[in-house]
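Quick mapping for you: the protein sequence lines, in order, are chains A and B. The first sequence begins at 1 in my numbering and counts up by one. The second sequence begins at 1 in my numbering and counts up by one.
Hints are not guaranteed to be accurate.
Note that the list lumps identical chains together, so a pair holds whenever it fits in one copy or between two copies.
Stated by the list, open to error - With a straight-line cut-off of 35 Å between C-alpha atoms, the simulated DSBU-like cross-links for lysine-lysine are:
id, residue 1, residue 2
1, LYS61, LYS88
2, LYS124, LYS88
3, LYS124, LYS109
4, LYS109, LYS61
5, LYS70, LYS2
6, LYS124, LYS61
7, LYS109, LYS2
8, LYS61, LYS2
9, LYS109, LYS88
10, LYS62, LYS88
11, LYS124, LYS2
12, LYS88, LYS70
If you're looking for bench data, these hints aren't it; they were derived computationally from the structure.
2 protein chains.
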Amino acid sequence: MKLTRASDYAIRGVVYMSMQPEGAIIVIPEVAREMDVPVGFLARIFQSLSRAGIVISHRGKKGGYSMARKPVDVSLCNVIEAVEGDIKLNLCLDGYNACDRMGFCAIRKELETVQEDLIASLQKTNFADLAVEEQAHRDSL
Amino acid sequence: MKLTRASDYAIRGVVYMSMQPEGAIIVIPEVAREMDVPVGFLARIFQSLSRAGIVISHRGKKGGYSMARKPVDVSLCNVIEAVEGDIKLNLCLDGYNACDRMGFCAIRKELETVQEDLIASLQKTNFADLAVEEQAHRDSL
Numbered sequence: 001m002k003l004t005r006a007s008d009y010a011i012r013g014v015v016y017m018s019m020q021p022e023g024a025i026i027v028i029p030e031v032a033r034e035m036d037v038p039v040g041f042l043a044r045i046f047q048s049l050s051r052a053g054i055v056i057s058h059r060g061k062k063g064g065y066s067m068a069r070k071p072v073d074v075s076l077c078n079v080i081e082a083v084e085g086d087i088k089l090n091l092c093l094d095g096y097n098a099c100d101r102m103g104f105c106a107i108r109k110e111l112e113t114v115q116e117d118l119i120a121s122l123q124k125t126n127f128a129d130l131a132v133e134e135q136a137h138r139d140s141l
Numbered sequence: 001m002k003l004t005r006a007s008d009y010a011i012r013g014v015v016y017m018s019m020q021p022e023g024a025i026i027v028i029p030e031v032a033r034e035m036d037v038p039v040g041f042l043a044r045i046f047q048s049l050s051r052a053g054i055v056i057s058h059r060g061k062k063g064g065y066s067m068a069r070k071p072v073d074v075s076l077c078n079v080i081e082a083v084e085g086d087i088k089l090n091l092c093l094d095g096y097n098a099c100d101r102m103g104f105c106a107i108r109k110e111l112e113t114v115q116e117d118l119i120a121s122l123q124k125t126n127f128a129d130l131a132v133e134e135q136a137h138r139d140s141l
């Protein structure tokens with residue numbers, strides 16, 4: 001039960017974007033260098049973030065990515081789900097015919113509660129707060 | 001971010017064990033049949049549960065497994081960690097040199113909080129409650 005590497009890198013990328021002035025267009029190699037992420041992998045991740053409406057892709061000579069929403073309106077949950085799909089803590093929570101035991105299983109009900117707690121916890125953290133913290137850490141070096 | 005199949009089966013196995021009278025010795029094929037789990041996989045999982053002090057292995061003709069602790073004293077967290085190892089929500093939370101950014105990273109701190117919430121949520125559910133619910137579901141069929 002672990003975040004994927006793609007989610008880890010996506011979070012780093014959105015933290016960096018959230019540290020920029022509103023509307024700033026940033027290129028992937030800069031994000032990759034600053035957040036210590038492989039540039040090719042990050043490019044694919046930003047395509048997912050763009051499809052999820054978290055960043056906007058700008059083409060052309062001065063192209064790159066900008067935030068599609070205010071950082072305060074983007075949660076850890078949004079970014080993880082943009083990359084991994086909806087959070088499903090167990091296979092049995094993945095749709096209505098995921099397991100033969102679904103009709104009577106006590107475990108599924110409890111795991112659903114744990115999953116709701118987890119999602120609530122991931123929704124609590126927004127990228128405005130993460131950006132402020134990351135900047136403070138950098139300034140203190 | 002999903003439980004492994006082994007954790008899913010381990011939870012099923014411990015629910016079944018928790019439904020039995022205290023001290024009862026149960027054989028793996030019975031647990032496998034009742035909880036719809038492949039018997040070979042379940043045998044390996046019960047070895048992990050035994051090492052973690054959740055079940056006791058009994059050898060010989062009347063051998064099998066019994067619970068090592070009262071079901072009320074075994075949490076979802078205990079069983080998942082017996083199979084997957086300590087819950088680490090992200091690679092960066094896996095020890096003291098897991099990531100080069102550890103000295104200043106804002107993300108790590110937030111994910112640590114989410115991880116603590118998740119563990120607390122998994123600790124809340126014990127197998128006495130799960131066994132009662134599972135039995136009630138079965139009786140209602």
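- Query: Checking against the hints above, which ones are violated?
  - Reply: Hints 1, 4, 6, 8 and 10 not satisfied by this model.
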